[in-house]
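*Asks:* What follows is each chain in one-letter form.
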Amino acid sequence: MESDLLLDVKDLRTCFHIAEGTVHAVNGVSFSLRNGETLGLVGESGCGKSVTMLSLLRLIAIPPGEIVSGEAIFEGRDLLRMSDAEIEHIRGNKIGMVFQDPMTSLNPVLTIGHQLCEPLRIHLGMDAQRARRRAVQLLEMVGIPDAEHRLSDYPHQFSGGMRQRVMIAMALAAEPSLLIADEPTTALDVTIQAQIVELVQHLRAQMNMAVIWITHDLGVVAEIAERILVMYAGFIVEEAMVDDLYEDSRHPYTRALLAALPRVDRRRDQRLRSIPGAPPNLLAAPKGCPFAARCELAFDRCQVEMPPLRTVATAHQSACWIDLATGKKW
Amino acid sequence: MASEPLHVIEPSESAVEWRPDELETPPLTLGQLAWRRFRRHRMAIFGGVVLILIVLYAFGGMLVFSEADANFVETGARLQPPSRAHPFGTDTIGRDILVRTIYGGQISIIIGLTAMLVEVFIGVTIGALAGYFGGKLDSILMRLTEAVLVIPQIFLLLVMAKYFAQDIPNIKFLGRTFSGSVLVIIFVIGATTWPYLARIVRAQFLSVKENDFILAARATGTPTHEIIFRHILPNSIAPIIVSATLSVAAAITLEAYISFLGLGVRPPTATWGNMLEGAYNYVESAWWLWFFPGLLIALTVLSINFLGDGLRDALDPHSRAV
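Which chain is which? The protein sequence lines are A and B, in order. Following my numbering, the numbering of the first sequence begins with 1 at its first residue and continues without gaps. Following my numbering, the numbering of the second sequence begins with 1 at its first residue and continues without gaps.
Derived by calculation from the structure, the hints in this document are not laboratory data. Given the structure is predicted, the values throughout are model-derived calculations rather than measurements. Mixed in with the good hints, there may be bad ones.
What the hints assert, rightly or not - Which residues of chain B face chain A? A few of them, derived with a C-beta cut under 10 angstroms, are:
| no. | residue |
| --- | --- |
| 1 | SER83 |
| 2 | THR220 |
| 3 | THR222 |
| 4 | THR224 |
| 5 | ASP313 |
To be verified - Covered stretches of chain B, going by a simulated chain A footprint (3 or more residues, C-beta under 8 angstroms):
| no. | segment |
| --- | --- |
| 6 | 206-213 |
| 7 | 275-285 |
Beta carbons are placed, not taken as given, at the ideal position from N, Cα and C, and that holds for glycine.
Bound-form chain B, shown alone (with noise of 0.2 angstroms):
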């Protein structure tokens, strides 16, 4: 119903009459004040930087080898230790592990957002039923959430890994194919995360919805699912944001976990933690099979925790810190 002659209202005399209370300078934005009180966080921004490159590191690695190198067996040279024909050495079957884990990486880091995404849609939209309705919901959703939190999450994510992982087929994903076991590990990892992202979502609602800019948007009209998602959500976005960045870690430390233990990404398809696992035999005669893997597991996790701790300094409103 578009009510088309709206009328045109004149200011009165009295109405433009109005004291200027601007500021000399424009205010900062919200979004500029995070950014300065992230730029001071030196850690955060070497963890950024590191990242970067990591990322460049895997991504950009596809250019100068193909996949075919990274599955590449090359019997007669085996347990290689770095040389110039292969700076970080081979493994047990004679592929190369520099080709490997820029090939691991990709998955490794694929692995560690998507599973991020699955747990904050599940975490989101599992404490926002609950902390904005409140009421049986609420009861029903947090005893379900509890519930997951009560099962050690390690003896989860190996049932639910080996459970899955029966036989599923091989996919096909931006030109490369993938075990299908990267799935299931992507939907474990975030079926058993969500819970500690549901109650903090949860928690900021029940705050949010109190305040009168609810109730105000409430007496315009605005559809509850708007209220939620456009109203209360953008108001809890930091804790989100900075629990989704600690997930990525997370995911990525887990990953390395179940493929250690062999039940996570199924040979060939290399990850930085499936590379580990052929090297538990090796520990002492050739360090470098887990050595490589081993450090950049390292690195992309303690980079994404420093930029999460940045994040969480930068984002909080109460930081004192200008």
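The shape of chain A in the complex, shown without the other chains (with noise of 0.2 angstroms):
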């Protein structure tokens, strides 16, 4: 079991420091990933999903941000503390990373195959003739047709849904362990978004690579994952099978969130639900529980104490002072 560990996040805390004051973007995310498992992170816009990403690949620009605190042992070895070489060598090659907008994700100037054999030549250590082969191959595993002649166009003669498969193309040239992505389908149609998702899914059937898929979307997360992380302003508040989630969610958030979800047997004439309030102010230090003001069950220990994640059930863990299964308060 504790070999099949591949991701192991502790503790890890990344704030901004801004004009205005201190942004506390993660506030002690923990949890771990096994070799080839399908984990969703779901949360509201702002909430750190996408920071908590690129922190562990140290993508956040320092200044102005900051990794206060925590580890990330990824095969064995701490990301947050490793060199700047050594995390070059990690990014596109065992952890792969693909964007929201592929649109602005690819350089303009470069031809797709040019973007495409970067990965291959830096970390495979190709030259140009068989890094070229690699990619024919590649683009032809995401099913991007006429992959040879494709090769010298440049982005703007694809589409937004080809470039995202372009995009997977780069992230998974080097076969990584692991593949990041980054809200992937947000920024396209539905079509092509259940396109995007089958590919994915079938590449890392095939690959054997854990995903972790990022999004505010519980529907397309229920399609994906096995275990979703429910973040809200920087905490992981809930952390359960996808089933569990769904049926049995022991987060006042989590199921505020579903309630919100829109549903096609609901009857037209009632309106969408929506939670009350909005995130709190991230510049504020954390104190009591986040969603305290917007949680119809607060009680006074919600305002003063974060609620540590505990384990309520089999692989399911919440942080909530109040037990929602049997409503006993801790």
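Fit the two chains together into the complex; they arrive one by one in their own frames, and the hints show the way.
*Replies:* Structure follows, in structure tokens:
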């Protein structure tokens, strides 16, 4: 079991020092990931999902950013403490990343071939000819027809969905053991979304890699993830296997999120439910439960003390002072 | 580490299922678009043609006249107006002005181009470092840039030209012998004009490096030097090309300026600039002394500026003209 562990993150804290003060973006995030596992990371915009992942790859601009504490053991080594050269060797090689907006994530002045060959040259030491042959295979693998010719095309000659396929091919070029997909379908329309989800699932199974899928779309993540982390204001508030989370959520925030999902079987004259209030201002140092101000169940303890993540059922953790199954306060 | 056995992954049924999204006709490349816009710019085309003619004149003339002709002193034929034997007349010591404008033109053009290269090298390096790394390095480099900018350029040029021109040996290049002062002038012009370019490049880097594709390239593990030179620099190339083009004109003018004041390229090596020097006392009595080199300088500078304008419009991605 121990050797099966791919990534183990403990107490990661990242903040940004800006003119107005300090933004507490990630406040002690811990999670682990097994080889070949698909983990969903959900939460609304600005809750620290992307910053958590960028911190792991050390892609946060320092300054203004700062990784205050934590460790991230990946294949036995701490990502946060290795040298710049070592982390460069991890990026795109052991850990691939796909970004949200395929329209802006490819360099407009370089051909697709050049960009696709980059990780092959850098990480696998391939010469131009072999890299090109492999690039053709990669493009075919992600379903781009006429790959041979498309290598010399520029990004503006591709549509959004095609570009996202190219991004995926780039991220997978060196056959990483972990793929981080940062809302890869958000900028795409629904039919293309489904294709991309299917493509990643298919490749994940073939290459036996782990995937962290970041999204704010609970519908998408239900299809692809085995286990889900719910983030709120820089904290992980709930962690559960995907079925448990949808059927038996143990955190008020997750419940509110699920209740806000649009449903086909809901009556049309009913308004979409939303969570009242807004996420807390991250400029203030976190105190108490960040969701307390919007929570229907909040009581006095919630205002002063952050509840720790505790196991509420098998492989199911929740950070709440109330056990939602029994209604008992801790 | 070449890990040879990479899997060949079969495309899945669903993965090959795609919707044709290609346009009917292949879209134009960035270069084609730029050429299309450039072609519409009449003055730029005119500038380009004139410039080609001037370069042909200066370098083609070599085939007809030797350098010895340019420096041949015929004391009996001093200050002769244009005639059959001397179409552009002769100067104060009887040298043929036509041949001197040919050989002087070579030097002026070479000075213009190489001073531009020196400027681009210094300006791009400093601007790129400041813009990419930011922070302390940026502060230091930008203060240095401002320090050079606040000194009046002509003053700096004259002081440096005088200081470095002590005794530099002649140099041989392209089968010709140049006065060593040519090198000094190239260096001095390059070393005083780079701050403008450095600022342009820094501003470009500051904006380009914030793009998502730079983050994506870093996430791919691309090393810093490749990010700077292969990802950011090509995205900043348009203003650099325009600025560099205009710098060639500026360098030719500056060379003329210093040479006119007698601190530039030393005789007998001719340049368009130092041919003007001797003409100063004959503005009214021997017009051909300043007219021909002056005309060539004016035409060259004007053409390069038109060309630069055309390039600016053609390469500017925000330009609406198609």
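*Asks:* Identify every previously stated hint that the structure contradicts and give their numbers, smallest first.
*Replies:* 1, 5 and 7
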